[in-house]
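Protein sequence lines correspond, in order, to chains A and B. Under the numbering used here, the first residue of the first sequence carries the number 12, and numbering increases by one thereafter. Under the numbering used here, the first residue of the second sequence carries the number 435, and numbering increases by one thereafter.
No lab work stands behind these hints, which were simulated from the structure alone. One or more hints might be untrue.
[Unchecked claim] Using C-beta positions, here's what the derived DEER-type ranges look like:
| # | chain 1 | residue 1 | chain 2 | residue 2 | range |
| --- | --- | --- | --- | --- | --- |
| 1 | B | S496 | A | I27 | 27 to 37 angstroms |
| 2 | A | G68 | B | T519 | 12 to 22 angstroms |
| 3 | B | A588 | A | L98 | 48 to 58 angstroms |
| 4 | B | E624 | A | L98 | 21 to 31 angstroms |
| 5 | A | G137 | B | T699 | 25 to 35 angstroms |
| 6 | B | S675 | A | L106 | 57 to 67 angstroms |
Yeah, the Cβ is synthetic: ideal placement off N, Cα and C, and Gly gets one too.
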Amino acid sequence: MPGVTQVQTTLNGEVINFLCEPRQSLLEVLRDVLGMTGTKEGCNDGNCGACTIILDGRIVDSCLVLGVEAEGRDITTIEGMASPEGLHPLQQSFLENAALQCGICTPGFLLASKSLLDQEPEADEGRIRHWLAGNLCRCTGYDKIVRAVLQVSKAK
Amino acid sequence: MEPFDFISPSSIEEAVKTLASSGDQARILAGGTDMLVQMRAGRRTAPLVVDIKGIPELNVMSYDASKGLTLGAAVPCYRIYQDATVATAYPGLIDSAFLIGGIQIQGRASIGGNICNAAPSGDAIPAVIALGGVCNVTGPNGTREILCEDFCTAPGRNALENGEILVSISIPAPQPNAGANYLRFIPRNEMDIAVAGVGSAVQLDASGQNFVSARIALASVAPTPVFAKEAGDSLAGKAVSEEAVQQASELAMAAAKPISDMRGTIRQRTHLIGVLTRRTLNNAIERARGG
Chain A
12 MPGVTQVQTT
22 LNGEVINFLC
32 EPRQSLLEVL
42 RDVLGMTGTK
52 EGCNDGNCGA
62 CTIILDGRIV
72 DSCLVLGVEA
82 EGRDITTIEG
92 MASPEGLHPL
102 QQSFLENAAL
112 QCGICTPGFL
122 LASKSLLDQE
132 PEADEGRIRH
142 WLAGNLCRCT
152 GYDKIVRAVL
162 QVSKAK
Chain B
435 MEPFDFISPS
445 SIEEAVKTLA
455 SSGDQARILA
465 GGTDMLVQMR
475 AGRRTAPLVV
485 DIKGIPELNV
495 MSYDASKGLT
505 LGAAVPCYRI
515 YQDATVATAY
525 PGLIDSAFLI
535 GGIQIQGRAS
545 IGGNICNAAP
555 SGDAIPAVIA
565 LGGVCNVTGP
575 NGTREILCED
585 FCTAPGRNAL
595 ENGEILVSIS
605 IPAPQPNAGA
615 NYLRFIPRNE
625 MDIAVAGVGS
635 AVQLDASGQN
645 FVSARIALAS
655 VAPTPVFAKE
665 AGDSLAGKAV
675 SEEAVQQASE
685 LAMAAAKPIS
695 DMRGTIRQRT
705 HLIGVLTRRT
715 LNNAIERARG
725 G
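For reference, chain A alone in the conformation it holds in the complex (with noise of 0.2 angstroms):
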């Protein structure tokens, strides 16, 4: 039987470690493991984006990666977006705007919002709409999110 192994890795800033079977997903490591459980579970297939977090800078879907290729990796999920002053800016947009019902999407729309900006500034609501393709939301209907993150960005 596969062993554990013991993986290092950067999160939200902080070097941790941490032990996985290779099996389980980057998403069941910070679940189940390390009691993150910002990060949701939606499809579990790569669809909905409810387990998007930034890996090395670029977001990705956590069922579709495995824990133990985290290692030496950099890790954001949505507990690292707010800082001790206050509110992520797209944090505190998404709460003026209504732009969540149940919840479930939102730390995932939440992290891939703050990687669009944080590349583009300046997104339009086309590149917003289309950024975002990658994460569903059953409730909004998706346009208090495009609001919400089009207050933001600085496009004009």
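Since the structure of chain A is already known, use the hints to place chain B on it.
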């Protein structure tokens, strides 16, 4: 997922040795966006997973205006379209790299993985076939080249023998007056599997009024991606005209052997091949003329 062992070799030799000694017990992991889904669903099992992303040659993306593009089999889609030089030289390749999955998938999925996964609907495969791509393979008996159109042998099956890995894909240097385009039809705007797809590449003469050659490949209309050789060859030497494009699209429709399933019917898919062949040829012609 069923338990498995995991190794991450740092050289081609090490990977080939491991794969050769494991036979069908091992599976190669690149971006994982197909493979991990298949393993979780129980459609693939492997006691050993070999992650090839730690091998330098599989992460190479090098472009030379005379030699063309060498694309490591593990290079994720985003690296391809974010590279301004590659994006300018191969817009027909970017068309597919930019529409495989969403941004999350493009952060992991590679063109090499798309080809090895050998899905009839793989969006990158017709684009690479149209561009004349060659798969560079290394195995226990050395290296060999496989034309991309010969690489996929059945749904989910490819030409790799025991112990072999796809190291990179070579795409010839873009010629003056050449252009390419890939389009697919899906009922949504993004994040879907092609009902039908067409990749076309054309080489025009210096006047831009005549075809020198053309290559057309099709997705989702047969057990493997289809190289519609006759359709492309029909254009060679002809003047660029609506009639010539129409005739090539009819030959492409004849090369399509689709099935009816939940995504589309035989009739719809055959019709789509005609429409998409004409559109991709016209877009390729426009790009060849510098448009």
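Here's how the hints hold up against the structure:
1. B:S496 - A:I27: 27 to 37 angstroms: holds, 36 angstroms
2. A:G68 - B:T519: 12 to 22 angstroms: Between G68 of chain A and T519 of chain B, where Cβ atoms are some 21 angstroms apart, the hint holds.
3. B:A588 - A:L98: 48 to 58 angstroms: Because 52 angstroms falls inside the window, the suggested range holds.
4. B:E624 - A:L98: 21 to 31 angstroms: At 29 angstroms between Cβs, range holds.
5. A:G137 - B:T699: 25 to 35 angstroms: Check passed, 32 angstroms falls within 25 to 35 angstroms.
6. B:S675 - A:L106: 57 to 67 angstroms: holds, 59 angstroms
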